[in-house]
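Novice: In the order they appear, the protein sequences are chains A and B. Residues in the first sequence are numbered from 672 upward in steps of one, following this note's numbering. Residues in the second sequence are numbered from 672 upward in steps of one, following this note's numbering.
Misleading hints may appear alongside valid ones.
Identical copies go unnamed one by one, so any copy, or any two together, can satisfy a pair.
Unchecked claim - Quick list of in silico lysine-lysine cross-link-like pairs, DSBU-like style, CA-CA up to 30 Å:
{"id": "1", "residue 1": "739", "residue 2": "817"}
{"id": "2", "residue 1": "870", "residue 2": "817"}
{"id": "3", "residue 1": "870", "residue 2": "755"}
Derived by calculation from the structure, the hints in this document are not laboratory data.
Protein chains: 2
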Amino acid sequence: MENARARSRRLRLAVAHEIVATAIPGEAAMSLAGVRALTFDTGGTILDWHSGVKGALAETGARHGIEKDWTHIANEFRRRSLGKMINLGEREPPAYNIDDAHRMALESLVEEHGLDAFTEGERHAISYDTMHNLQCWPDFPDTLSKLRENFLCASFTILSFRIIMDTARRNGLGWDAVFSCEATGKYKILPEAYNAVAKFLQLEPGEICMVACHNFDLDAAKGCGFRTAFVKRPDEWGPEGPPDRDPNPAHDIVADSFPDMARQLGVAM
Amino acid sequence: MENARARSRRLRLAVAHEIVATAIPGEAAMSLAGVRALTFDTGGTILDWHSGVKGALAETGARHGIEKDWTHIANEFRRRSLGKMINLGEREPPAYNIDDAHRMALESLVEEHGLDAFTEGERHAISYDTMHNLQCWPDFPDTLSKLRENFLCASFTILSFRIIMDTARRNGLGWDAVFSCEATGKYKILPEAYNAVAKFLQLEPGEICMVACHNFDLDAAKGCGFRTAFVKRPDEWGPEGPPDRDPNPAHDIVADSFPDMARQLGVAM
Numbered sequence: 672m673e674n675a676r677a678r679s680r681r682l683r684l685a686v687a688h689e690i691v692a693t694a695i696p697g698e699a700a701m702s703l704a705g706v707r708a709l710t711f712d713t714g715g716t717i718l719d720w721h722s723g724v725k726g727a728l729a730e731t732g733a734r735h736g737i738e739k740d741w742t743h744i745a746n747e748f749r750r751r752s753l754g755k756m757i758n759l760g761e762r763e764p765p766a767y768n769i770d771d772a773h774r775m776a777l778e779s780l781v782e783e784h785g786l787d788a789f790t791e792g793e794r795h796a797i798s799y800d801t802m803h804n805l806q807c808w809p810d811f812p813d814t815l816s817k818l819r820e821n822f823l824c825a826s827f828t829i830l831s832f833r834i835i836m837d838t839a840r841r842n843g844l845g846w847d848a849v850f851s852c853e854a855t856g857k858y859k860i861l862p863e864a865y866n867a868v869a870k871f872l873q874l875e876p877g878e879i880c881m882v883a884c885h886n887f888d889l890d891a892a893k894g895c896g897f898r899t900a901f902v903k904r905p906d907e908w909g910p911e912g913p914p915d916r917d918p919n920p921a922h923d924i925v926a927d928s929f930p931d932m933a934r935q936l937g938v939a940m
Numbered sequence: 672m673e674n675a676r677a678r679s680r681r682l683r684l685a686v687a688h689e690i691v692a693t694a695i696p697g698e699a700a701m702s703l704a705g706v707r708a709l710t711f712d713t714g715g716t717i718l719d720w721h722s723g724v725k726g727a728l729a730e731t732g733a734r735h736g737i738e739k740d741w742t743h744i745a746n747e748f749r750r751r752s753l754g755k756m757i758n759l760g761e762r763e764p765p766a767y768n769i770d771d772a773h774r775m776a777l778e779s780l781v782e783e784h785g786l787d788a789f790t791e792g793e794r795h796a797i798s799y800d801t802m803h804n805l806q807c808w809p810d811f812p813d814t815l816s817k818l819r820e821n822f823l824c825a826s827f828t829i830l831s832f833r834i835i836m837d838t839a840r841r842n843g844l845g846w847d848a849v850f851s852c853e854a855t856g857k858y859k860i861l862p863e864a865y866n867a868v869a870k871f872l873q874l875e876p877g878e879i880c881m882v883a884c885h886n887f888d889l890d891a892a893k894g895c896g897f898r899t900a901f902v903k904r905p906d907e908w909g910p911e912g913p914p915d916r917d918p919n920p921a922h923d924i925v926a927d928s929f930p931d932m933a934r935q936l937g938v939a940m
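The task is simple: from the sequences and hints, build the whole structure.
Specialist: Have a look at this one:
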């Protein structure tokens, strides 16, 4: 028997796509006519982790009269925790989640930079509370509301469910669903992660557009058949600038901001 | 090293629970003082599947001049699809989801009741479109908004992600997250299903209250350490009345409606 997804897909092809009717003319909008869902990388793409982590480190340091290059340490915190998550679950089920990775990354930095004065409570506040209370980029909340009128919009992330739930509440974001790699134990950039989300959305990969400010995530999504939108976040790594300064030109959309991305998707802002 | 969840729990115990401060006096509210999240069975507890399915069957029948006991057939549809899902994934990964189960249940009823006149499009409309467009019980949306001011509120369901996403949009519901058993492949009432949700919420089971109109779900949640709230939905099965008429008196809350449950949780309605 034909499964629900194939049947849904077949029947859907028989009806006109409302999205086509509202799309602006232009190459990008035309090639994205069949997109029904947007999946958002959330870590650096939506949330400003750099300001949050740097601020928490600097504040804690000041309390102890310690001066360090907090910009650099914040970026190392990100690099190390991300390094522990990418492709996690490839061979065996993960033994930890991103909250644990954040704590492990902090501990290694405490040791290297002589920050032993940081108390247990302070370490928890930096690696846990700060990450669950990050602010999002200011151009996102209003754009998300608009995008949801036309698309299913889900967080698709290596962050924990709780980080997404907590930051959504703090920033007033309404996600249609949270797809944390925590659920399946297969983390980006494993193809299983993208395939699972397409299955849960009951859409063909080509009907989903992955949104991120990182080529590695978008390239992996593209490899699974997703459409891709690169949104520039030049301040993601603070004054150091993002490692992914140059978008892969193969992405369906390259945007300077979330409103710009929305316009390229045919959504009036 | 202590994991994020244990650490979070320990530090949290040191700070006053805001929820305690707002709780109304009374036994139920006192015993539920530590609850931080509510997980909602969504199928019959939030969504009125009986009216939806019966209506779709009757309408399709009328189109073909067929008269049947649609109330009975609608309830059989529910019984059979539910029967295919409970404990699914116990021994091996599931080969189907609830959308497939809905279609299988309908096909068996079409055969038994001589409904071969129903076209492919009509069968899809009954088993898929109807289930993705169910109306929720009228006392829920406003209560959910109020509850979310005090608790994390998530759908925790054997239904597919897409049913929850689609019905949330149709009814204006805002979930903090959707925990569909589809993600882990371990369906209620397997303990793994409840344990996974507690892990994703980063809460002790006793800090979570499972909300449902079914003893079987609540009893299983209680077995995993969750608190439980039984909300009566006397019309869930139409005029036939629900099989679970009598709440297990062991539940922490037995409520006549969602506002009643909210009041018992200490939330002013």
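Novice: If a hint holds in the structure, say so; if it does not, say that too.
Specialist: Now the hints, each set against the structure:
no. : hint        : in the structure
1   : 739 <-> 817 : neither (42 Å within a copy, 45 Å between copies)
2   : 870 <-> 817 : within (25 Å within a copy, 33 Å between copies)
3   : 870 <-> 755 : both (26 Å within a copy, 20 Å between copies)
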